[in-house]
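Okay, so the sequence shown: first residue is 629 according to the numbering used here, each after it adds one.
Some hints here could point you the wrong way.
Straight-line Cα separation of at most 20 Å, PhoX-like style, residue types lysine-lysine; simulated pairs [as the list claims (entries may be wrong)]:
1. K743 x K832
2. K939 x K795
3. K832 x K752
4. K795 x K832
5. K832 x K851
6. K772 x K743
7. K851 x K827
8. K764 x K743
9. K752 x K772
To be clear, the hints were calculated from the coordinates, so they are not data collected in a lab.
Computed from a predicted model, the values in this text were never measured in an experiment.
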Amino acid sequence: MLPSLDRLAANRNIPRPGQIRMLVLAPTRELASQIAASAETYGRFMRLSVGVIFGGVPNSKSVRTVARGLDVLVATPGRLLDLIDQRALSLRDLEILVLDEADQMLDLGFIHALKRIVALVPSKRQTLFFSATMPKAIKELADKYLTNPAEVAVTPVAKTADRVQQKVVLVNQPEKTALLTMFLQSEQTERTLVFSRTKHGADKIVRMLGAAGVQASAIHGNKSQAQRERALAQFRSGEVPVLIATDIAARGIDIPGVSHVINYDLPEVPEQYVHRIGRTARAGAEGQALAFCSHDERGLLRDIERLTRQKIDVAPLPDNFVQTAEALKRLKPAPAKQEQPRRQPSRAFKSDRRFEGQRRENRNDRSSQGQQRTDRGQQQRHPHRADGHAAHRPEGGQPKRPFRGRRGGRPGGPRRAEG
């Protein structure tokens, strides 16, 4: 980011409305916000305009962000193409194109969006690809869109952090939640990051830990933007010490102070294991990585050991694990929270008006049954309203006058002028 910002500051060009000079594509909203915050911090004294757009926020807000033009724009592919289709944004003046987490972009199915975006940018530009892993698809993409690229590898893909102490526990799949609960209750942990394979599994883990008295929150693609930001803020501040995440939602997010990483489900791609445990033992600190391996995941464990070229130590189950697991299974998990707000009745719809009328009738019936306020000698305040209109009562009232033609006129035929 720093070299790109320095290049933009040296070649001062004021962007035109709806134009950008540098585009950074990120796969997730959290990563986009993190990159934009870093760009604002690094370029604080360069007087460069920085903006970020992604889904989950009103479209009008994104349009206002790019309306005056930006030096640096961080975006997710979906919202970027939406603004381009609305003609609120153009890539004709783009100078630098950055693709962050390129391998994750392909895993999420953004390849068609990337091809469309690359076709809209000028041919004369600087293109940067960043990826934690370098699969064959990324190399093919680089050969197609880059001209004589220079490849920079910081560390081998299969190398894990040296300060991470790795262990694996062999446990049945239904007993993983009980093992996780016992570990969090017995060990002194600062911040624990737990990886789940599915979104539903992450929510279920949070409910089971809550039933056992362990506070945790989840982050995945089904959460709204406000919920994801709140969960990350609580985890960073230490208010919630346990965060359950999926690989997609947690990809590329910098969370300092993670002391333990637990692989509740082993990843199907061995490189993901290296990326997961790299969240701990940062900045010279030490960390612990624990993996739960069921019988069906033995093959995934062998693939990880083959990739990292090291044997992971097997840790035994805790004492009295069977009895404690049975007791934890009997706990009732907290019910799933309904995130959708309750629909308030409105008079704009006929069904809502009918609902309001029925509710008033029920309330009147309950009040009349609950208390008898009438004395037989007490007069009704409005006697003509007591039982409806007198003409509609079956027992009384004046009979209706039979129709005998129009009042004031002669029967039969229209009135004619006289004189």
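Hint by hint, here is what the structure shows:
1. K743 x K832: Roughly 37 Å between the alpha carbons, so the hint for K743 and K832 is violated.
2. K939 x K795: Between K939 and K795 the Cα gap is close to 10 Å, so the pair holds against 20 Å.
3. K832 x K752: 50 Å, violated
4. K795 x K832: Distance of about 24 Å is beyond 20 Å: violated.
5. K832 x K851: 14 Å, holds
6. K772 x K743: 10 Å, holds
7. K851 x K827: 9 Å, holds
8. K764 x K743: The hint holds at about 17 Å.
9. K752 x K772: 15 Å, holds
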